[in-house]
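Visitor: Sequence lines, in order, name chains A and B.
Under numbering that gives the first Met the number 0, the first residue of the first sequence carries the number 0, and numbering increases by one thereafter.
Under numbering that gives the first Met the number 0, the first residue of the second sequence carries the number 0, and numbering increases by one thereafter.
FYI, nobody ran anything at the bench for these hints, they're computed from the structure.
Honestly, I wouldn't trust all of these hints.
Stated by the list, open to error - Label pairs and their in silico Cβ distance ranges:
no., chain 1, residue 1, chain 2, residue 2, range
1, B, Val-167, A, Val-151, 37 to 45 Å
2, B, Ala-216, A, Tyr-152, 40 to 48 Å
3, A, Val-25, B, Ala-176, 35 to 43 Å
4, B, Ala-216, A, Thr-18, 46 to 54 Å
5, B, Trp-146, A, Ser-97, 49 to 57 Å
In this text, all values refer to a predicted model and were calculated from it rather than measured experimentally.
Beta carbons are placed, not taken as given, at the ideal position from N, Cα and C, and that holds for glycine.
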Amino acid sequence: MDTSILARFVRLHDRRGWTAFGACAVLLLLVLPLTLPDYLVPLLGKFLCFAIAAIAIDLIWGFTGILSLGHGVFFALGGYAIGMYLMLEIGTAGVYRSNLPDFMVFLDWKELPWFWRGFDNFGFAVLMALLVPGVIAFVFGYFAFRSRIRGVYFSIITQALTYAAMLLFFRNETGFGGNNGLTDFKHIYGYSLSDPATKTGLFVISGAALLLVYLGSRYLVCSKLGRVLRAVRDDEAKVRFMGYDPLRYKLFVWTLSAVLCGLAGALYVPQVGIINPGEMQPAASIEMAIWVAVGGRGTLFGAAAGALVVNGAKSVFTGLAPELWLYVLGATFVLIPVLAPRGIAAYGGVLAQLLRGRRAVADTPRPPEPDREAEESVVTEGSAEVRP
Amino acid sequence: MTTPRKTQRGSARQQVSRTVDPARYDDVRSRGVLLCVDNVSVSFDGFKALNNLSLLLEEGELRCLIGPNGAGKTTLQDVITGKTRPDSGSVFLVGDPRELTLLSEHEIARLGIGRKFQKPTVFAEHTVLENLELALAGGKGVFGSLWRALRGEQRERIDEVLRIIGLVEHASRPAGALSHGQKQWLEIGMLLAQDPRVLLIDEPVAGMTHQEMERTAELLDGLAGKHTVVVVEHDMDFVRSIARRVTVLHEGSVLAEGSMDQVQRDPRVVEVYLGESC
Chain A
0 MDTSILARFV
10 RLHDRRGWTA
20 FGACAVLLLL
30 VLPLTLPDYL
40 VPLLGKFLCF
50 AIAAIAIDLI
60 WGFTGILSLG
70 HGVFFALGGY
80 AIGMYLMLEI
90 GTAGVYRSNL
100 PDFMVFLDWK
110 ELPWFWRGFD
120 NFGFAVLMAL
130 LVPGVIAFVF
140 GYFAFRSRIR
150 GVYFSIITQA
160 LTYAAMLLFF
170 RNETGFGGNN
180 GLTDFKHIYG
190 YSLSDPATKT
200 GLFVISGAAL
210 LLVYLGSRYL
220 VCSKLGRVLR
230 AVRDDEAKVR
240 FMGYDPLRYK
250 LFVWTLSAVL
260 CGLAGALYVP
270 QVGIINPGEM
280 QPAASIEMAI
290 WVAVGGRGTL
300 FGAAAGALVV
310 NGAKSVFTGL
320 APELWLYVLG
330 ATFVLIPVLA
340 PRGIAAYGGV
350 LAQLLRGRRA
360 VADTPRPPEP
370 DREAEESVVT
380 EGSAEVRP
Chain B
0 MTTPRKTQRG
10 SARQQVSRTV
20 DPARYDDVRS
30 RGVLLCVDNV
40 SVSFDGFKAL
50 NNLSLLLEEG
60 ELRCLIGPNG
70 AGKTTLQDVI
80 TGKTRPDSGS
90 VFLVGDPREL
100 TLLSEHEIAR
110 LGIGRKFQKP
120 TVFAEHTVLE
130 NLELALAGGK
140 GVFGSLWRAL
150 RGEQRERIDE
160 VLRIIGLVEH
170 ASRPAGALSH
180 GQKQWLEIGM
190 LLAQDPRVLL
200 IDEPVAGMTH
210 QEMERTAELL
220 DGLAGKHTVV
230 VVEHDMDFVR
240 SIARRVTVLH
250 EGSVLAEGSM
260 DQVQRDPRVV
270 EVYLGESC
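All chains should be modelled from the sequences, with the hints used to inform the complete structure.
Guide: This is the structure we're talking about:
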């Protein structure tokens, strides 16, 4: 058996899986950018960013059993980093014709705060969009995991984290535009943000990023590291007695997940044109967990699909009957664990089997699935790790 | 990286040096001793779970630990594997200067002390093969496990273990689908793959059928010699069938030690097991 990295990469999917992946790639990078009406491009591009965030959450929740209800903070930090670049890129084209961003002029600030320096450089801003969420997640995770905080307790602390960050960013003195956040962007890397071609370009970049994040994550969960992560999820004490240090594994995937979320946020902001502390609301992070629960935990593509489906439904419902959306979302959260404990990804599998016919089903006997229902019921309690 | 443990810790923890004075094991080394538990005490809320317990385990021996409930059998294993820190005393491997009571669980495991819990704990959603792969000695770092694939000799070692525990045809089944006895063997197999110097096994035949018990006795017998095996067991017939040397614990200390016949004739052991009325 060839064990080189490349050979292992090819084995990530069987032929059918690669065909499906190729079809998605053609759809995202070619068909949709050419055929979508202009007004839909930023909307779907936004969904692609949510799908990246969903994969990031699936890595930590579905595979490692750590439910984060605070990933919105990493998403927002990535978004703010790019937002700062976009603010400085406005230059003197703002309302006050000043070198400083408008909100600083409004606050009567005379010069750029020190932590805004360097953000006029695009590369630096992109680096910070990944690094800042990563460093914060690393420090937070180190202390949380070192103290062996687990399950629902960890989830609650992540809620507190994002809530605290939101309060901090709401303050004008913090220097990120207060509750208005950063907006009114004009250009990115010299391209006008109002130009449909730029929007399509951002869509294609988001699609490519989604495909790469998916493949990288798939490689990770198929490696021995992925098996250790699932082992940590199922029985952390046993993993420890086998000579692994779960702290390092959890810290690695937690930090990686935050970085990916930062990437998603960085791609999101230029497409929606605004970033404000609303993204750090506790409810926003919970909604991200719902995407993954709906899509199916521990499947990666299910998580991405869940983000697309839930947000698609949200767009439709908030258009048709805005006052009903929260009821729909709540009902989804209640019904999904009952009707589809493994998420819509499970139905994808059923559908594929129906298409293939019964012969194929007989060829690949599925291993009996362990009883997930008891575990799934805790979704509503907000924890994935209440295991005996 | 040392991690603090969410474990019971005595308030009056004595100062213990990080390394073990080589002179301390000069006398035991000559007797072929591998693991030395020296004067260990543990108390939980005033209850003395271990009371100045000392125990010497020889290289390659098969030792049975017996004793009534609350004698400290499980606590002793917890101390040796780093789950519980003792109030006083010391645990060390002869020839290794590190004080085990100061290390964390995974560090002790890497030094070659394996443990099997009473309940079969295998990873139910991983296949039998993956369970063994995870247990395999070496390569327990994060980045190594991200990039490295199973090497040929590692694969051979897994196949060998699969043959020993008799689960070759179950290799690609999820471990959760195995029978109770098969799970126990898989767990013993995982310990084999871990290739520890000392194996602590808690009640390996609880809930097993007679045939499974016999098979387990064979397995454990095969392990001794290459490894130092410590078996904690309640089933006296089983202990009689495998034990060469038996240590009886009572109220946190060693009450008697010797062959099964010797300890069974010991009036103190009889008293502890049958009550003072006898």
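Visitor: Now look at each hint and say whether the structure bears it out.
Guide: Each hint tested on the structure:
1. The hint said 37 to 45 Å for the Cβ distance between Val-167(B) and Val-151(A), and at roughly 41 Å that hint holds.
2. Between Ala-216(B) and Tyr-152(A) the beta carbon distance is about 43 Å. The supplied range of 40 to 48 Å therefore holds.
3. Between Val-25(A) and Ala-176(B), the C-beta spacing of about 39 Å keeps the proposed range 35 to 43 Å intact.
4. Restraint check, Ala-216(B) to Thr-18(A): a C-beta distance of roughly 53 Å satisfies the suggested window 46 to 54 Å.
5. Range check, Trp-146(B) to Ser-97(A): Cβ separation about 50 Å, and the 49 to 57 Å hint holds.
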